[in-house]
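Protein chains: 2
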Amino acid sequence: MRKTSAGYDLKDLFIGSEGTLGVITRLTLRLHPLPEHVHTLRVFFPGVEEAAEASYRVMASGLPVARLELLDEFALKALNRHLGTGFPERPALFLEFHSSTREALEAESALALALVEEAGALEVEAAKTEEERRRQWEARHQAYWALVHLFPGHRFMITDTAVPLSRLPEMVRFAQGLLREMGLTGNILGHVGDGNFHTLIPVLPEDYPKAEAYAERLVEKALELGGTCTAEHGVGLRKRKFLPKEHGPALEWMRRLKALFDPEGLLNPGKVV
Amino acid sequence: MRKTSAGYDLKDLFIGSEGTLGVITRLTLRLHPLPEHVHTLRVFFPGVEEAAEASYRVMASGLPVARLELLDEFALKALNRHLGTGFPERPALFLEFHSSTREALEAESALALALVEEAGALEVEAAKTEEERRRQWEARHQAYWALVHLFPGHRFMITDTAVPLSRLPEMVRFAQGLLREMGLTGNILGHVGDGNFHTLIPVLPEDYPKAEAYAERLVEKALELGGTCTAEHGVGLRKRKFLPKEHGPALEWMRRLKALFDPEGLLNPGKVV
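Chains as they are written, first to last, in the numbering used here: chain A, 15 to 287; chain B, 15 to 287.
Everything hinted at is true.
When chains are identical, the list treats them as one kind, so a pair holds in a single copy or across two.
When the alpha-carbon atoms are kept at most 27 Å apart in a straight line, the in silico BS3-like pairs for lysine-lysine are as follows:
hint: 1; residue 1: 91; residue 2: 142
hint: 2; residue 1: 285; residue 2: 272
hint: 3; residue 1: 224; residue 2: 285
hint: 4; residue 1: 285; residue 2: 235
hint: 5; residue 1: 224; residue 2: 91
hint: 6; residue 1: 285; residue 2: 25
hint: 7; residue 1: 272; residue 2: 25
hint: 8; residue 1: 255; residue 2: 17
hint: 9; residue 1: 17; residue 2: 285
hint: 10; residue 1: 25; residue 2: 235
hint: 11; residue 1: 25; residue 2: 255
hint: 12; residue 1: 259; residue 2: 25
hint: 13; residue 1: 235; residue 2: 17
hint: 14; residue 1: 259; residue 2: 17
hint: 15; residue 1: 224; residue 2: 255
hint: 16; residue 1: 235; residue 2: 255
hint: 17; residue 1: 255; residue 2: 285
hint: 18; residue 1: 259; residue 2: 285
Keep in mind the hints are simulated off the structure, nothing from the lab. In this text, all values refer to a predicted model and were calculated from it rather than measured experimentally.
Starting from the given sequences, assemble the full structure and let the hints guide the process.
Here it is, written out as structure tokens:
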């Protein structure tokens with residue numbers, strides 16, 4: 015059911031616990047209706063900061079956004095080379111709106127356009143066919159593989175911070191500036207409607223420590239802005255060291271929960287807390 | 015931030031724990047933008063079952079519903095007497111849609127109208143002014159007090175089950191039939207967009223056990239339909255006995271959580287688990 019207050023919320027305790035509290039043997043999923051009408055856009059900006067500002071404005075407007083993805087110039091260059099596509103090579107937002115009625119969809123898309131133009135959009139392309147729409151999202155999903163193919167023999171660092179939406183432009187500017195400052199190249203892309211983006215950095219194996227230092231500075235900045243060290247990729251081993259700063263005394267309670275559910279430390283040992 | 019996977023979800027563990035795991039001394043709230051455009055409707059049906067069916071269809075359509083409240087004939091009679099209002103005295107849905115654009119709002123309201131008419135709506139009234147809108151929701155909020163004023167010297171049983179949306183019409187029919195079968199009178203009203211409604215039953219003090227028996231049978235039916243014994247009012251003392259059936263072996267883990275956070279049993283003792 016959609017609402018209950020019968021006892022403690024064990025479900026959300028297990029979600030994101032990375033197998034450290036128990037083994038999930040059966041899941042019940044809630045189904046959502048497929049949208050009747052879909053509108054898919056690509057909007058291009060002079061810089062990533064304008065793109066981040068536009069995504070903040072779109073989210074703050076209360077528009078029912080279904081997808082809102084940032085791709086920087088470098089990501090689009092890599093995609094054009096890997097897939098043979100012809101996307102403008104500028105920082106972009108890929109957006110999608112879902113609605114129950116065509117009229118609502120059109121009105122909402124028009125408002126979104128006005129908002130991104132106010133934030134400095136240079137160019138807008140709408141997907142005219144289902145095929146074009148499919149290709150747009152296929153491209154987004156290929157962003158990682160495009161880099162992998164363009165940088166054979168490299169290792170890849172993928173960062174995963176999130177910050178409150180209002181701090182997103184500052185965070186994106188910091189991430190891009192730090193790449194330049196540290197002499198790294200990398201993609202910035204991600205689910206900016208959630209305040210979450212990733213920097214994908216190809217490095218030669220001997221330069222990996224530099225990429226690690228970058229990732230660490232990004233986490234510190236995210237925490238400083240009231241964000242999180244990991245939005246969706248999880249803690250695993252490498253992000254354990256940031257939890258004391260992010261959670262303070264709550265971390266001790268997380269450790270006690272781990273000890274309660276897994277007193278012998280058998281479940282995904284060494285991870286998370 | 016809107017998204018994090020850094021460690022275990024303590025926030026949702028505390029939400030709904032009724033003060034049994036700890037004392038909340040500080041809260042950070044997420045703000046949502048006020049809607050730009052609002053459309054408020056009252057829709058009247060021949061029976062509560064049709065009203066429940068309509069609410070299921072509206073929710074399943076994916077429409078962005080902001081409020082969806084059921085009030086039965088008895089509730090509207092009580093409100094008209096208590097407030098001097100002139101609502102049709104038939105089972106009703108009170109609905110509200112929020113949107114960022116007027117065009118979207120109009121299109122969505124039109125679709126909602128078509129859906130409720132398909133489900134058997136007899137009459138639709140739209141709030142034409144902010145004042146009328148305010149009065150409609152004020153009436154909804156007065157539903158409990160209207161009963162209290164009409165039944166001096168009575169005690170009031172308030173049930174609080176929720177079921178999956180697709181089972182809502184069956185659940186509402188059961189709740190109303192059981193009132194008749196047990197010779198009780200009562201309001202059926204609530205947040206049917208969540209599959210949740212309340213039956214408000216005025217009884218003379220000596221008849222209270224009968225109302226308790228009614229409430230118990232309603233919970234049994236809700237659990238049979240995959241629902242919950244309490245959607246939002248909480249477990250407290252009276253619903254503890256239903257938790258073994260609702261949660262099975264998970265209840266033992268809830269008890270262990272209670273013992274972990276409150277080994278001496280000082281926090282809201284005796285409640286929930």
